[in-house]
Amino acid sequence: MKAKIFVTLKKGVLDPQGKAIHASLTHLGIGGVEDVRVGKFMELTLKETGRDEARMRLEEACRRLLANTVIEDYRIEIEG
Amino acid sequence: MKAAVLVFPGSNCDHDAYHALKYVAGVDAEFVWHKQSSLAGFDAVVVPGGFTYGDYLRTGALAKLSPVMGAVKRFAGEGGPVIGICNGFQILLEAGLLPGAMIVNGSLHFVCDYVYLAAETSRTPFTGRIPPGSILKVPVAHYQGNYFADEKTLFSLEERGQVVFRYCTPDGRITEDANPNGSARNIAGICNEAGNVLGMMPHPERCAEAVLGSEDGRQVFDSMVSWLKERGK
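Chains A and B supply the protein sequences, listed in that same order.
The first sequence maps to residues 1 to 80 in this note's numbering.
The second sequence maps to residues 1 to 233 in this note's numbering.
Watch out, some of these pointers could steer you wrong.
Claimed, not checked - Covered by chain B, per the in silico footprint, the following chain A stretches (three or more residues, Cβ under 8 Å):
#	region
1	30-36
2	67-75
Claimed, not checked - Just the calculated beta-carbon pair ranges, DEER-fashion:
#	chain 1	residue 1	chain 2	residue 2	range
3	A	D35	B	G96	28 to 36 Å
4	A	E48	B	K137	55 to 63 Å
5	A	A23	B	S37	27 to 35 Å
6	B	P132	A	T69	28 to 36 Å
7	B	G10	A	K4	39 to 47 Å
Claimed, not checked - Partial list, computed: chain A residues near chain B (C-beta under 10 Å):
#	residue
8	G12
9	V13
10	D15
11	K40
12	L44
13	L46
14	R64
Since the hints were derived computationally from the structure, they do not count as laboratory data.
Ideal placement from N, C-alpha and C gives every residue a C-beta, glycine not left out.
Given only the sequences and the hints, what does the whole structure look like? Please build it.
What follows is the structure, given as structure tokens:
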């Protein structure tokens, strides 16, 4: 069973990397991009278990380590 | 009087802190490996700068789970003086001993330079001998020292006198230009509500002797010594 975890900066938290990338896209002539936000993607391989239990465990993992909820939001997707 | 200097994989200011404590402030200091789970016998704790665990995931995010951090929480909970410098500050934030978080510098540059700090409170064990309004010249060296906290937290930090240092101009004005990293309200250092836990991005241990360009940092360690002496340590 695989789980995907997306960690992104909260709205209102400045993202200087996203801003720099946005500027570079503009330099490349790739227009139409209004904003860029950089985040993290983690793929976890889990032992076979119930989805509910897996979600509970992942929620705890995000809250306690994978994301810093002062500045970041997280989203969990469980596959299979 | 004995101070612990914590050592994590990737700490690199541990020896500087040890030197400042032992040879400048005259305190008995000892390195404490992060796997130790007790701080028995110590009167103060320094969480030094560096790049613990290579800054993997987030600065300080993995170090906060080291066994010694449980002991630091208990030590701080009992009122013991704890100072986190640079990465040490980031670790204290991640561990929840101080509020807020660090993000990448607004400039996207690693900043390595002398800055000026306006001291705001002498109520911490590390600033007792630094009158509010003093200006200190202290170096910074970091990529993620852009202090962030939500408005409510910032308000409460100011309301409760928990802002210890702010970046300022050489004559003490708190301006945007004097802010090296984009920190909210020019915050360079904060303490917990009780005042015994201090986190600061600038490095007092790197400027504790005149030969290093400034000896203003010495006041932080001398304050700690006075604070401990007053308490019979």
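Comparing the hints with the structure gives:
1. With 0 residues having a beta carbon nearer than 8 Å to a beta carbon of chain B, the region 30-36 of chain A misses the requirement of three or more and the stated coverage is violated.
2. Coverage of the region 67-75 of chain A by chain B holds [criterion: at least 3 residues with CB-CB distance below 8 Å; count 3].
3. In this structure the supplied range 28 to 36 Å holds for A/D35 paired with B/G96, their Cβ-Cβ distance being about 31 Å.
4. Separated by about 59 Å at the C-beta atoms, A/E48 and B/K137 satisfy the suggested range of 55 to 63 Å.
5. At roughly 48 Å, the beta-carbon separation of A/A23 and B/S37 lies outside the given 27 to 35 Å, and the hint is violated.
6. A hinted range of 28 to 36 Å for the beta carbons of B/P132 and A/T69 is consistent with their spacing of about 33 Å.
7. With their beta carbons about 28 Å apart, B/G10 and A/K4 fall outside the hinted range of 39 to 47 Å.
8. Because the smallest distance between the Cβ of A/G12 and any Cβ of chain B comes to about 8 Å, under 10 Å, the interface hint for this residue holds.
9. Interface restraint check: A/V13 against chain B, minimum CB-CB distance 6 Å, threshold 10 Å, status holds.
10. Hint status for A/D15: holds, given a least beta-carbon distance of 8 Å to chain B, under 10 Å.
11. For A/K40, the interface hint holds, since its Cβ comes within 10 Å of a Cβ in chain B; the closest pair sits about 8 Å apart.
12. The interface hint given for A/L44 is broken, as the beta carbon of that residue sits about 13 Å from the closest beta carbon of chain B, more than 10 Å.
13. A least Cβ separation of about 19 Å between A/L46 and chain B goes past the 10 Å threshold, and the interface hint is therefore violated.
14. Of the supplied interface hints, the one on A/R64 holds, with its beta-carbon coming within about 9 Å of a beta-carbon of chain B, less than 10 Å.
When the structure is compared with the earlier hints, violations turn up for hints 1, 5, 7, 12, 13 and for no others.
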